[in-house]
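A.B. asks: Chain by chain, the residues:
Number of protein chains: 2
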Amino acid sequence: MGVGDVSKRILLGRKLRSSQLGETLLPKRIALPVFASDALSSVAYAPDEVFIMLSVAGVSAYAFSWKIGIVVAIVMLTVVASYRQNVHAYPSGGGDYEVATVNLGRTAGVTVASALLVDYVLTVAVSVSSGVQNAGSALPFVQGHETEWAVLLVLVLTAMNLRGVRESGAFFAVPTYGFMVGVIGMAIYGAFRAASGDLPKVESADLTIRPEAGYGGHIGQLALIFLLARAFSSGCAALTGVEAISNGVPAFRKPKSKNAATTLLLLGSIAITMLLSIVILAREMGLKYVDPNQLDRLRQADGSALPAGYDEHTVIAQISRAVFDGFSPGFYYVVAMTGIILILAANTAFNGFPVLGSILAKDGFMPRALGSRGDRLAYSNGILILAGFAVVLIVAFRAEPTRLIQLYIVGVFVSFNLSQLGMIRHWTRHLKTETDHAARRRMYRSRAINTFGLAMTAVVFVIVLLTKFLAGAWIAILAMIVFFALMQGIHRHYDRVAKELIVDERDIVLPTRVHAIVLVSKLHKPTMRALAFAKATRPNILEGVLVDIDPSSTDKILEEWDKRRIDIPLKVLYSPYREIIRPIVEYAISIREANPRGVVAVYIPEYVVGHWWEQLLHNQTALRLKGRLLFTPGVMVTSVPYQLESSEAAREREAWNDTRVKAGDVRRGRTLNRR
Amino acid sequence: MGVGDVSKRILLGRKLRSSQLGETLLPKRIALPVFASDALSSVAYAPDEVFIMLSVAGVSAYAFSWKIGIVVAIVMLTVVASYRQNVHAYPSGGGDYEVATVNLGRTAGVTVASALLVDYVLTVAVSVSSGVQNAGSALPFVQGHETEWAVLLVLVLTAMNLRGVRESGAFFAVPTYGFMVGVIGMAIYGAFRAASGDLPKVESADLTIRPEAGYGGHIGQLALIFLLARAFSSGCAALTGVEAISNGVPAFRKPKSKNAATTLLLLGSIAITMLLSIVILAREMGLKYVDPNQLDRLRQADGSALPAGYDEHTVIAQISRAVFDGFSPGFYYVVAMTGIILILAANTAFNGFPVLGSILAKDGFMPRALGSRGDRLAYSNGILILAGFAVVLIVAFRAEPTRLIQLYIVGVFVSFNLSQLGMIRHWTRHLKTETDHAARRRMYRSRAINTFGLAMTAVVFVIVLLTKFLAGAWIAILAMIVFFALMQGIHRHYDRVAKELIVDERDIVLPTRVHAIVLVSKLHKPTMRALAFAKATRPNILEGVLVDIDPSSTDKILEEWDKRRIDIPLKVLYSPYREIIRPIVEYAISIREANPRGVVAVYIPEYVVGHWWEQLLHNQTALRLKGRLLFTPGVMVTSVPYQLESSEAAREREAWNDTRVKAGDVRRGRTLNRR
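Residue numbers (the working numbering), protein chains in the order written: chain A, 1 to 675; chain B, 1 to 675.
These are calculated hints, taken from the structure and not from any lab test.
Worth double-checking, as some hints may not be accurate.
Which copy? The list can't say, so a pair holds if one copy fits it or any two copies do.
Said to hold, decoys possible - Within a straight-line C-alpha distance of at most 30 angstroms, the following computed DSS-like cross-link-like pairs (lysine-lysine) qualify:
| no. | residue 1 | residue 2 |
| --- | --- | --- |
| 1 | Lys626 | Lys28 |
| 2 | Lys525 | Lys626 |
| 3 | Lys28 | Lys432 |
| 4 | Lys626 | Lys522 |
Using the sequences and the hints given, assemble the complete structure.
C.D. replies: Okay, here's the thing in structure tokens:
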């Protein structure tokens with residue numbers, strides 16, 4: 001409870017009054033949407049990026065689009081197959097970080113963690129930017145103000161998550177199934193119209209594309225390969241989020257691993273279907289799509305420039321507008337669902353980032369405080385850090401998915417690779433001890449799958465690195481290195497402290513006696529209570545201590561002390577410069593010096609108030625004094641609280657907060673039961 | 001010690017290593033410059049404002065300038081005479097706030113305090129702005145960037161004061177005497193040149209002034225009177241700072257009151273001499289001076305407009321440039337000294353604001369924490385608040401003294417008036433009991449002087465209010481009302497708490513027994529020490545308490561507990577949701593409920609680290625737990641600290657800080673003796 005509390009309360013509303021956290025497990029039909037938004041939403045921008053890359057060589061290169069789509073689909077199937085092995089081997093939900101740490105050691109684990117942290121930030125930035133871009137295809141007032149809208153959306157997501165969204169199955173199911181129905185419905189209707197021969201053209205069908213300088217006319221073999229590699233790298237953005245299920249196995253109904261594996265396969269199949277549908281429809285409907293920053297490379301059929309203010313709509317928007325050309329609600333439905341699922345994907349990162357932070361904290365790579373679930377601040381800080389980085393990226397790259405995507409995926413493939421490598425080690429290790437024949441055969445099969453997965457993802461990783469490093473991936477890699485160094489530094493610090501704290505024989509010696517002093521500044525209820533409590537502990541010596549900063553009030557207290565017949569001696573400390581803290585600290589030190597094997601117990605009467613502004617007005621001296629005494633060896637500091645009436649409000653507030661719902665609870669199998 | 005500490009250390013440099021505060025008293029020759037900068041510096045802008053006001057009616061109104069100067073001088077003499085009575089009656093240095101509180105009650109005292117707080121802010125804003133304006137007369141690169149330079153200067157002053165300036169007599173004496181020598185030397189040399197008939201004209205002598213719309217030609221009697229009243233009000237800015245000595249009587253050598261009174265008279269005489277010299281010289285040398293925002297009202301002799309980029313130099317700058325026309329070092333010396341003394345005057349407010357805050361805190365009108373001298377934070381916060389407000393004013397009024405001056409003086413005259421009224425009451429009350437004839441005669445004389453002073457300042461106050469309210473004084477008055485309401489609210493809160501804390505009979509009952517629990521999270525040195533200390537207090541029941549958030553580590557601790565043969569029972573608390581704090585709080589409550597007359601002593605092992613970033617990494621749970629336990633009745637919380645090696649640095653830092661020099665020490669008779 002601090003100064004910021006009031007403004008937070010205004011901004012975020014009254015905290016949820018809740019009581020008990022319960023546990024419900026997810027059936028597959030709910031688990032799919034809960035974990036799918038991130039993976040499926042990338043269908044909204046991956047095709048766009050493929051077409052943008054191919055357009056560099058002019059429209060003729062579009063012939064490669066469906067081939068690239070199929071290669072991406074193959075990679076995705078491989079990754080899905082690999083992660084199905086992870087899910088079986090690590091049903092605890094630790095995900096890539098756990099797999100890498102257990103099998104490859106700390107350094108690999110921290111590397112994966114850095115990659116994931118960076119990726120969460122990018123998920124927010126890319127998803128929100130793409131969502132705003134899609135919204136711009138339907139809502140003209142968004143066009144030209146994408147950055148502002150994207151930042152606003154991130155802030156709204158931040159506020160929602162700080163407040164504690166009450167997540168439920170429906171929260172995920174409605175938009176995710178809505179998006180699937182929209183895109184697959186569009187594909188089926190498009191296929192139907194193609195079969196009946198009246199598949200319409202998209203709005204950009206009549207345009208022509210001027211290749212980029214150097215790619216005009218006949219281009220070299222090498223340049224073409226590099227171009228296709230870049231297009232493929234961008235298309236691999238569709239793979240992000242596939243690994244999410246491996247973190248959430250504990251939330252599944254039993255048999256957990258089997259259900260998770262099935263859901264993963266389902267997710268992969270749906271994503272591939274949607275991706276290929278969009279790529280093929282776009283190709284068939286004559287889409288022309290270039291980098292929105294190079295719109296001058298588009299020409300009208302007669303060779304003239306585009307009209308001023310031309311806005312290039314996203315691929316999904318162009319297709320759905322054309323397919324549903326006589327039925328505009330269809331268009332609006334698809335675009336709206338696309339926008340919503342992208343925001344949902346961003347929200348996923350808001351859940352994942354603090355959860356990963358808490359796991360890292362438990363392992364000593366992040367401040368320990370982040371590791372306790374009860375800590376509102378921990379989650380809040382995680383959310384704010386994530387939002388801060390995402391806003392910086394959005395502003396720096398003006399909310400352009402095309403530019404942000406250059407930073408993306410590197411992190412994903414770092415963790416794919418290390419995870420697969422870890423899985424190979426895992427199976428190899430288990431094969432050493434396993435004797436059951438059937439089990440061994442399954443393990444061999446699993447290892448083969450993971451090995452193939454590693455080979456595949458390693459190749460993709462190298463391609464991504466080569467094609468994207470200079471285009472922006474270096475920023476993501478730099479950020480990973482910073483996170484990595486930070487986490488290693490924190491771990492080293494904890495290690496050093498732990499070593500310093502190892503118990504040795506001297507620590508078992510009991511202090512010979514206790515000299516208790518009760519700080520007296522006034523004779524009021526808190527002081528009386530502190531005297532009573534101190535007396536109840538029956539120390540060897542007990543005395544009240546009063547710092548004389550104002551002779552007249554000192555005399556008054558001494559007088560009242562006598563009048564009340566308090567049977568404890570009251571010592572007055574002289575303070576020529578009217579300081580309070582120094583005389584007390586020096587007195588404590590002198591007691592300790594006189595008897596080095598004794599312990600000094602300092603009792604501080606405190607009164608407890610309920611509002612942040614009241615806290616500003618009280619107990620500052622007590623707080624500072626406690627801070628100083630902690631540095632004094634042989635001293636223990638006891639706060640004797642006296643609860644003022646107003647403190648009741650604060651106590652209740654804290655109790656509520658303990659039990660309130662936290663972001664990400666659903667995917668960890670926790671729900672809220674209201675009393 | 002918080003996160004900000006490192007950046008502060010970088011910005012403000014290493015803290016002074018100091019040891020002992022001493023006390024030295026000021027002889028008159030040093031006391032004069034220490035307290036004079038504020039009062040004398042106003043000579044730098046008061047004449048300018050008089051001429052600006054008169055220029056509204058055209059140059060003919062300049063005939064009134066010396067008359068206005070004389071009226072201001074008379075008011076100043078009256079105020080000086082009145083404050084000489086204050087100094088004798090209240091040698092404790094409480095100043096206007098004390099006089100008003102003692103004689104007129106709390107409301108009057110708080111009113112004066114609000115006025116003074118607002119005035120400190122305005123002193124900074126006006127002095128710095130005027131200093132920058134003067135600098136602009138000599139340094140062309142300052143022209144046109146006054147706001148930026150003024151803000152920069154405030155920031156430099158803030159940093160200096162946060163760091164703790166080592167003030168000394170010379171720090172004040174050199175610039176103050178330098179300024180006196182400059183201005184009075186200029187006046188004497190000017191008088192000499194006038195006597196020998198070659199007094200030169202200032203640079204603006206050949207210009208003509210177009211009166212403001214409505215003041216052209218023959219103006220009405222009423223309009224003229226109003227104009228003169230406004231000019232007089234602005235001239236009264238010269239009175240600010242006269243009261244400073246009444247706050248500083250304790251710093252004078254004995255006989256304190258007599259020396260202070262003499263110094264006050266000296267100060268008044270010098271200020272009047274300087275003010276009248278400047279006004280008369282300006283008049284004789286043909287100065288033409290208008291509001292810098294209305295330069296178009298100035299015309300060249302031939303009626304043509306001023307050349308583009310014309311900069312109107314301050315009155316002091318124009319006079320000194322002309323008087324020393326063959327000797328430019330004279331000009332630069334006067335302008336430099338003017339700038340320096342203005343900055344020194346602003347620095348005065350940086351000393352006065354936190355000191356007044358600490359007095360108000362002691363009386364319960366400000367957070368008590370501000371009242372303790374030892375508190376670095378209290379002073380720092382005062383300095384930062386003052387600087388913040390001053391910067392806002394400077395930016396809002398674009399560092400134009402002419403506009404800022406409209407807000408000034410209201411506060412000064414509020415405190416002048418209430419102080420004089422309080423003095424009249426003071427003498428009347430003393431006359432009731434005094435029997436000595438000579439003493440009674442002196443009191444009658446003093447009361448007469450204060451009555452005359454009140455009459456005079458009341459009239460001036462009404463004039464200032466009438467002429468300046470709409471021009472900006474309303475802002476100052478509004479700010480005073482806000483401060484007033486805030487201080488009264490704080491006082492009411494403290495009153496209410498004090499009532500709630502009055503001891504009654506129930507408070508003397510001793511708890512029947514002590515149930516001590518030691519929190520165990522690991523078995524390391526801090527835990528062992530906490531167990532030993534807790535055992536040394538010999539409670540009725542003693543047990544270790546471990547929250548089971550991770551079964552494997554719980555088992556390990558239980559095992560080690562047995563292995564070490566610790567003869568204290570260890571209780572394990574079940575925590576289904578891996579919370580730490582709630583199970584402990586609930587256990588403490590249950591102990592208390594089972595035995596409502598007993599007391600629960602919770603021992604928390606803590607380790608103490610030295611760097612802010614280490615604190616981020618440790619003890620967050622302990623902190624939060626302590627915060628929660630304080631709200632639980634019947635519980636006392638004991639921190640058992642274990643000092644890590646790195647804590648030594650922090651301990652030393654804190655010890656240094658206790659003894660470091662604070663801004664304003666010199667004028668309270670405190671100096672620093674290095675060991």
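A.B. asks: Decide, hint by hint, whether the structure agrees.
C.D. replies: Tested hints:
no., hint, in the structure
1, Lys626 to Lys28, "neither (54 angstroms within a copy, 44 angstroms between copies)"
2, Lys525 to Lys626, "both (20 angstroms within a copy, 20 angstroms between copies)"
3, Lys28 to Lys432, "neither (34 angstroms within a copy, 94 angstroms between copies)"
4, Lys626 to Lys522, "both (18 angstroms within a copy, 24 angstroms between copies)"
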